[in-house]
Amino acid sequence: MKKTLAEIAKAIDGALKGDPGKIIQYAASFEEAGPEGITFAGNKKYLKQIDATKAGAVIVPREFDTDSINIVKTDNPQVAFITVLELFNKPYSLKPGIDPGASIGDNFTHGSGLAVAPCAVVGNNVTVGDRVTFYPGVCIGDDVVIGDDVTIYPNAAVLERCRLGNRVIIHPGSIIGSDGYGFAVDGDQYIKIPQLGIVQIDDDVEIGTNCTIDRATFGRTWIQSGVKTDNMVHIAHNVVVGENTVMVAQSGLSGSVHVGKRCRIAGKAAVAGHLTVGDDVTIGSRAGVIKNVANGQIVSGFPEMPHTQWLKMSLVKRKLPELKKKIAELEERLDRIEKGKV
Amino acid sequence: MKKTLAEIAKAIDGALKGDPGKIIQYAASFEEAGPEGITFAGNKKYLKQIDATKAGAVIVPREFDTDSINIVKTDNPQVAFITVLELFNKPYSLKPGIDPGASIGDNFTHGSGLAVAPCAVVGNNVTVGDRVTFYPGVCIGDDVVIGDDVTIYPNAAVLERCRLGNRVIIHPGSIIGSDGYGFAVDGDQYIKIPQLGIVQIDDDVEIGTNCTIDRATFGRTWIQSGVKTDNMVHIAHNVVVGENTVMVAQSGLSGSVHVGKRCRIAGKAAVAGHLTVGDDVTIGSRAGVIKNVANGQIVSGFPEMPHTQWLKMSLVKRKLPELKKKIAELEERLDRIEKGKV
Amino acid sequence: MKKTLAEIAKAIDGALKGDPGKIIQYAASFEEAGPEGITFAGNKKYLKQIDATKAGAVIVPREFDTDSINIVKTDNPQVAFITVLELFNKPYSLKPGIDPGASIGDNFTHGSGLAVAPCAVVGNNVTVGDRVTFYPGVCIGDDVVIGDDVTIYPNAAVLERCRLGNRVIIHPGSIIGSDGYGFAVDGDQYIKIPQLGIVQIDDDVEIGTNCTIDRATFGRTWIQSGVKTDNMVHIAHNVVVGENTVMVAQSGLSGSVHVGKRCRIAGKAAVAGHLTVGDDVTIGSRAGVIKNVANGQIVSGFPEMPHTQWLKMSLVKRKLPELKKKIAELEERLDRIEKGKV
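Residue numbers (the numbering used here), protein chains in the order written: chain W, 13 to 354; chain U, 13 to 354; chain R, 13 to 354.
Bound conformation, chain W alone (with noise of 0.2 Å):
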């Protein structure tokens, strides 16, 4: 595909400075475009070296200028770049339609432009919106509500029941609404509570690959709009997790714990049940978090700290023999004043 680099700011609502006629024929990031590619720059470090690129053209911050090279200035140039990138990547997608292998329960309502894979499985009364995809081996439950521009890919799961939003991605052997792990204790035995309620996902929520998110015991475990999670993020029954929160992979959230809005949950993280975390957290790769978290806060450790203090009690941690030593030789000097001997 060819582009002039005139209709490429034009599709991104940018300033053109240099060959409007420039042809563009793919986006590749900094280190790897070549002269016919289009990259960007989005902070100092690259553009303070935007004459190392070989690139035709660069997007660049408004602010930003040079005559080195054809350059774009954009308000966020990692946004207007993804949207290049689209211009000129024709995503993968299944051909719409029902294949003939897929199953379909009963009362299936859908829009239009739905793909279902060979070896999908939709249960009974199942509604899904305009533009929905699914990939093969995947298993949609009875009664699931499902809105536009939705996809599934390969061997996930919404089981029944559960309701996604609109633009929701699961990716591949994500798991939506299994069990909550839930039991009565019966003297030695433990005996399982039915998992009645259900998981909604709201609008723009993107599931990264071989999650689990357990239904509720009644009620809804709740993924709010803007939602990103990584890999393998578990998240229990009865769960809140609050609009645009990230969660990096492996991490996970105990039962009933409501996470507020904005927080970023590092790698294998995790909260314990039934607490709060409030809007803009930032909790630190492997923390454990066993206490209440206020707004705003940024915490790090097992039991979880103050980030800034944890960085501190880290660096004092590693010298522990030699305070232990230290505390010794104290004792000792202690020892020779005591008796004298100094």
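To be clear, the hints were calculated from the coordinates, so they are not data collected in a lab.
One should not assume that every hint holds.
The list cannot tell twin chains apart, which means a pair is met if one copy fits it or any two copies do.
Said to hold, decoys possible - Taking lysine-lysine and the PhoX-like style, the derived pairs with C-alpha atoms no more than 25 Å apart in a straight line are:
#: 1; residue 1: K204; residue 2: K102
#: 2; residue 1: K22; residue 2: K204
#: 3; residue 1: K351; residue 2: K60
#: 4; residue 1: K204; residue 2: K15
#: 5; residue 1: K102; residue 2: K29
#: 6; residue 1: K303; residue 2: K324
#: 7; residue 1: K60; residue 2: K34
#: 8; residue 1: K15; residue 2: K85
#: 9; residue 1: K56; residue 2: K337
#: 10; residue 1: K15; residue 2: K34
#: 11; residue 1: K107; residue 2: K337
#: 12; residue 1: K102; residue 2: K15
#: 13; residue 1: K29; residue 2: K57
#: 14; residue 1: K338; residue 2: K107
All values reported here derive from a predicted model rather than from experimental measurement.
Since chain W is already given, all that's left is putting chains U and R on it; use the hints.
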């Protein structure tokens, strides 16, 4: 569905105090139940505030009493409540029969009430008991033997020769009987050791979502009766997990670990290879156990230590920077004394 | 099956000492082998107690000698034993051919010995070599290229354009080529960055169960030859894992990490984004690596430190409450001295 309170009391072998003709229409949580609902109060926290519920009736312990609300006295209110939940909630289930979109191998032996969904695949020489359900995408390997009342949820697999007892539940995406991680070292290379054993899962076991239980190298990986695992639990080859032990999300057991009965292994905890964990052991969240643990111990931390010690240690750990400063001060004071300045 | 000891010795290029006509009927572990079985003793622990085995013959190192039992001397008894295991154990395998319940896309090119199970789905323009096996529920995306002697187990997926070498094993539920976790920040929202690269997996790689290997943003996520991962291992976009490196269960590598050759990454360990780990590095269990690691280092802890330092630190850490108490005592003693009471 409607039931009188007398009918409910009878179903749970409870002693009713209040209106036996009271009509109950559903069961719900303490907070959510309304005048037509029934709930339970299983501990002091809820019993204290029993007047706060809007429920039409409350299931309580035998020894509790009040005149202000309909109550049903039972030995174990939570367990009784599960029975009531099951009265009011018809569980989702597959239609009995083998869907024409399923694939069944040679010599399939099964009892009554079998339900096999579309896109479930059963290998050769498989034997299953009564009331067995395979959801879509389930894969059962050759020579597998499964008992009665077993449910295997979407996209889970039980691989060749593994054996499941009665009333076993395998949640979606879990893999039973994948190869153990065993290699012989040959110079720089790792040579695969064939994994020739099986996984044996006894009665009343529930395996959470996206778990992995590897087959033994020889012999069996053995999950004993009553074990319940949460999601993303990893159990390596040749592990034995004793009766009624529970394992919380993202925990793991390395190869050849033996865990006793009635243990509680918390979230993200792990046990190193070839260790023995006794009966009635609690392993705290994120603990990394690297030595054998005796019966009845409660351990936390990495390396593990008694939980009470870990609690004290954790309190001091966060104050390490202050401790370091204090040591420096003591040193200065000693310096001054030794120089005769005090 | 029956083999003479002479036949077995020949098959493993071993030197027999004992009865060449001895009939061997199976291979088993040191503890479990009986008079008709053969086992191996690969290290001093087992060689010392060689008289304790009831096996009919034992494979031993070249330098070992005994008159008390039939032995076969080899360079690497464990590797030789794998060969013997394969003599006696016919592996489970699918019937060659494409099952009518599989779904095959356009332009599928394959060599001899192909086996595709029911409910496996192969996309368009897929090319595979000889003796390739797709188990039930396997999903192969468009434009995938796969070498010879590759086995992909149930419910695993290899998504569009990814490339697998020869003798690759993908265990059940693992997803190769899911989208990397990449977003541009636009105010409060995260905008998905298209993930346009691939995953390349070289020869002799084995990926454990329920793992996730994300495709690169551009270019490739690259798993080099001989890498073996355990279960639930997460490898993010643009990671490179060097030849013959092993990764134990529940470990993870963040985006753009480069790991060298012959590394050992233990269970639940992780490496933060964009770091470089050299060759021959050992990362201890639960380690959280936040700086580059040089060739040959052994690191543990979070943040990581040399393993020997971590061991010493861990010993002191558990005694922190005592250390704190001791510091308080020293302070009191100093107080007394300074007040002239001593």
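Hints versus structure:
In the homo-oligomer, the alpha carbons of K204 and K102 lie at most 25 Å apart only across protomers (15 Å), although the nearest pairing inside one protomer, at 48 Å, exceeds that limit. Taking the shortest Cα distances, K22 and K204 sit within 25 Å of each other only across copies (21 Å), while inside one copy they are farther apart (59 Å). Taking identical chains as interchangeable, the C-alpha atoms of K351 and K60 are never at most 25 Å apart, the minima being 66 Å within one chain and 56 Å between chains. For the identical chains of this complex, K204 and K15 are inter-copy neighbours only, at 23 Å across copies versus 60 Å inside a copy, given an alpha-carbon limit of 25 Å.
Within a single copy, K102 and K29 get their C-alpha atoms no closer than 28 Å, and across copies no closer than 67 Å, so neither meets the 25 Å cut-off. Taking CA atoms no more than 25 Å apart as the test, K303 paired with K324 passes in both settings, with 21 Å inside one copy and 17 Å between copies. In this assembly of identical chains, the alpha carbons of K60 and K34 lie at most 25 Å apart only when taken from the same copy (23 Å versus 77 Å across copies). Taking the shortest alpha-carbon separations for K15 and K85, only the intra-copy value of 17 Å comes in at or below 25 Å, while the best inter-copy value is 70 Å.
Within a single copy, K56 and K337 get their C-alpha atoms no closer than 46 Å, and across copies no closer than 38 Å, so neither meets the 25 Å cut-off. Proximity of K15 to K34 under the C-alpha cut-off of 25 Å is restricted to the intra-copy arrangement: shortest distance 8 Å within a copy versus 75 Å between copies. When the C-alpha separation of K107 and K337 is checked against a cutoff of 25 Å, the pair qualifies neither within a copy, at 70 Å, nor between copies, at 67 Å. Only within a single protomer do K102 and K15 lie at most 25 Å apart by alpha-carbon distance; the minimum there is 14 Å, versus 59 Å between protomers.
For a Cα distance limit of 25 Å, the shortest separation of K29 from K57 inside one copy, 21 Å, qualifies, whereas the shortest one across copies, 69 Å, does not. Proximity of K338 to K107 under the C-alpha cut-off of 25 Å is found in neither arrangement, the shortest distances being 71 Å within a copy and 70 Å between copies.
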